[in-house]
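Trainee: Sequence:
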Amino acid sequence: MKAPDVRVAVYAADPVTSAGLVGILSQDMTIAVVAGQDADVLVAAEDPAGKDLPVLRRAVSELGVLPGILIAGPLPPSGHRWAADAGVRCVLPHRAAHPDRLIAEVTAARSAPTASADRLAAGYGALAEGPAPFHQREIDVLRLIAEGKDTAEIGAAMGYSQRTIKNILHHAQRRLALRNRAEAVAEAIRAGLI
16 MKAPDVRVAV
26 YAADPVTSAG
36 LVGILSQDMT
46 IAVVAGQDAD
56 VLVAAEDPAG
66 KDLPVLRRAV
76 SELGVLPGIL
86 IAGPLPPSGH
96 RWAADAGVRC
106 VLPHRAAHPD
116 RLIAEVTAAR
126 SAPTASADRL
136 AAGYGALAEG
146 PAPFHQREID
156 VLRLIAEGKD
166 TAEIGAAMGY
176 SQRTIKNILH
186 HAQRRLALRN
196 RAEAVAEAIR
206 AGLI
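No gaps in the numbering here: position 172 of the sequence shown is 187 in this note's numbering, and each next residue is one more.
Among the clues, some could well be false.
Computed list of lysine to aspartate or glutamate pairs in EDC-like fashion (alpha-carbon distance at most 16 angstroms, straight line) [as the list claims (entries may be wrong)]:
id, residue 1, residue 2
1, Lys-164, Asp-133
2, Lys-181, Asp-165
3, Lys-181, Glu-198
4, Lys-181, Glu-168
Distance windows between CB atoms, simulated [what the hints assert, rightly or not]:
id, residue 1, residue 2, range
5, His-185, Arg-96, 39 to 45 angstroms
6, Asp-100, Val-31, 40 to 46 angstroms
7, Ala-161, Arg-73, 27 to 33 angstroms
8, His-186, Leu-142, 21 to 27 angstroms
9, Gly-38, Ala-127, 21 to 27 angstroms
10, Ala-127, Asp-165, 44 to 50 angstroms
11, Arg-194, Asp-165, 15 to 21 angstroms
12, Gln-52, Leu-208, 35 to 41 angstroms
13, Arg-194, Arg-72, 30 to 36 angstroms
14, Ala-172, Ser-76, 45 to 51 angstroms
15, Glu-168, Gln-52, 47 to 53 angstroms
16, Gly-51, Ile-204, 25 to 31 angstroms
17, Ala-192, Pro-69, 27 to 33 angstroms
By construction, these hints were calculated from the structure, which means they are not laboratory data.
The beta-carbon is built from N, C-alpha and C at its ideal position, and this holds for glycine as well.
Using the sequences provided together with the hints, build the complete structure.
Mentor: Rendered as structure tokens:
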């Protein structure tokens, strides 16, 4: 069996995000998720609302500077400078950290040139300005699901039939390759839409 090309350490603000990242990265046979000092590349996922970079700071204090991918919300200029100094090659908005994109960035990170704070900010800005993953009607449905409403209650609140609500969800899930309502709600929360 061939050894993996890239060994990745994953640090995240919460265990659910960490498990999700490990699951995504484990899909690629060229990537191995490892602990600690054996890593070639770092993936650090901050809280979407945070601006301090505690996850990245902890990872750097434990591992030293490694080429990395940072998943974060909007950062102040000092955050981009600190990320560049910490070896980050790419800053992804939470909503842009889809499996294919994340795997591609991780694979490229080890050989990518060091990034300046300006380059990190520009790359983040371009990704953050992209189209929203959900349409407004889908966001409204997902917000009501997150509040604990069932399909009948959502239909009544929005003035749609239950079938229409199911179709709205089905189209969003299929378009974004999400398996179920829970994943759809989680994606909307990560994107800061609900």
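Trainee: Does the hinted range 21 to 27 angstroms hold for Gly-38 and Ala-127 at CB?
Mentor: holds (24 angstroms)
Trainee: Can you tell me whether the CB distance of Ala-161 to Arg-73 sits inside 27 to 33 angstroms?
Mentor: holds (29 angstroms)
Trainee: Is the Cα-Cα distance between Lys-181 and Glu-198 16 angstroms or less?
Mentor: holds (15 angstroms)
Trainee: For the pair Gln-52 and Leu-208, does the Cβ-Cβ distance stay inside 35 to 41 angstroms?
Mentor: At 38 angstroms between Cβs, range holds.
Trainee: Given the hinted pair Lys-181 and Asp-165, is their Cα-Cα distance within 16 angstroms?
Mentor: holds (11 angstroms)
Trainee: For the hint 40 to 46 angstroms, verify it against the beta carbon of Asp-100 and that of Val-31.
Mentor: violated (29 angstroms)
Trainee: Can the restraint linking Lys-164 and Asp-133 be considered satisfied, given a maximum Cα separation of 16 angstroms?
Mentor: violated (44 angstroms)
Trainee: Verify the CB-CB distance for His-186 and Leu-142 against the hinted window 21 to 27 angstroms.
Mentor: holds (24 angstroms)
Trainee: Tell me if the beta carbons of Gly-51 and Ile-204 are separated by a distance inside 25 to 31 angstroms.
Mentor: For Gly-51 and Ile-204 the Cβ distance comes to about 30 angstroms; the hint holds.
Trainee: For the pair we were handed, Lys-181 and Glu-168, check the Cα-Cα distance against 16 angstroms.
Mentor: Distance ~12 angstroms between Lys-181 and Glu-168 Cα, so the pair holds.
Trainee: Between the beta carbons of His-185 and Arg-96, is the distance compatible with 39 to 45 angstroms?
Mentor: Check passed, 44 angstroms falls within 39 to 45 angstroms.
Trainee: Per the hint of 30 to 36 angstroms, is the separation of the Cβ atoms of Arg-194 and Arg-72 within bounds?
Mentor: The hinted range 30 to 36 angstroms holds for Arg-194 and Arg-72, with Cβ atoms some 33 angstroms apart.
Hints 1, 6 from the earlier list are contradicted by this structure; the remaining hints agree with it.
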